[in-house]
Amino acid sequence: MNTEFYLRVLKILKRIPPGRVATYGQIALYAGNPRAARQVAWILHSSSEKENLPWQRVINQQGFISLRPGAGFEYQQALLLAEGVLSDHSGKIDLHRYLWKPKKLL
DNA sequence: AACCTGACTTCGG
DNA sequence: TCCGAAGCCAGGT
594 MNTEFYLRVL KILKRIPPGR VATYGQIALY AGNPRAARQV AWILHSSSEK ENLPWQRVIN
654 QQGFISLRPG AGFEYQQALL LAEGVLSDHS GKIDLHRYLW KPKKLL
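What the first sequence shows, in this note's numbering, is residues 594 to 699, in sequence order.
Just to be clear, a hint being listed does not mean it is correct.
Listed next, the in silico DSS-like pairs over lysine-lysine satisfying Cα-Cα at most 25 Å (straight line) [stated by the list, open to error]:
#1 Lys-607 x Lys-685
#2 Lys-694 x Lys-604
#3 Lys-696 x Lys-607
#4 Lys-643 x Lys-685
#5 Lys-604 x Lys-696
#6 Lys-694 x Lys-607
#7 Lys-643 x Lys-604
Simulated from the structure, these hints should not be mistaken for lab results. Everything numeric in this text was worked out from a predicted model, so none of it was measured.
From just these sequences and the hints, can you work out the full model?
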């Protein structure tokens, strides 16, 4: 794997403040590879626990949690709720309201 | 090496 | 707005 990309993703993830969310594609973009959204997902899946990452703050471009019901969806939704990130009846999170917009990169 | 899979995105109908 | 297909890239078999 691309170690440099991996490390940059970790640094960026750790900057996402509580109560805000980011998208996979957004993280990939900031880390220097706009097309690596799936790799960001893979990194979260494999390293979120040992790296102590705020994995719950990463959702897809549509504003939905990508985990499937019964496979972490409810848990992620609960963690976000505890931070003040609400979702509507369909499970959609308002990105206009909660999306993390860093002033400057790195 | 070939093929499958996935916590993704984008584009076209 | 709502799918489905295609593009994407890395890991696992």
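Cross-check of the supplied hints:
| no. | hint | result |
| --- | --- | --- |
| 1 | Lys-607 x Lys-685 | 23 Å, holds |
| 2 | Lys-694 x Lys-604 | 15 Å, holds |
| 3 | Lys-696 x Lys-607 | 15 Å, holds |
| 4 | Lys-643 x Lys-685 | 28 Å, violated |
| 5 | Lys-604 x Lys-696 | 15 Å, holds |
| 6 | Lys-694 x Lys-607 | 14 Å, holds |
| 7 | Lys-643 x Lys-604 | 14 Å, holds |
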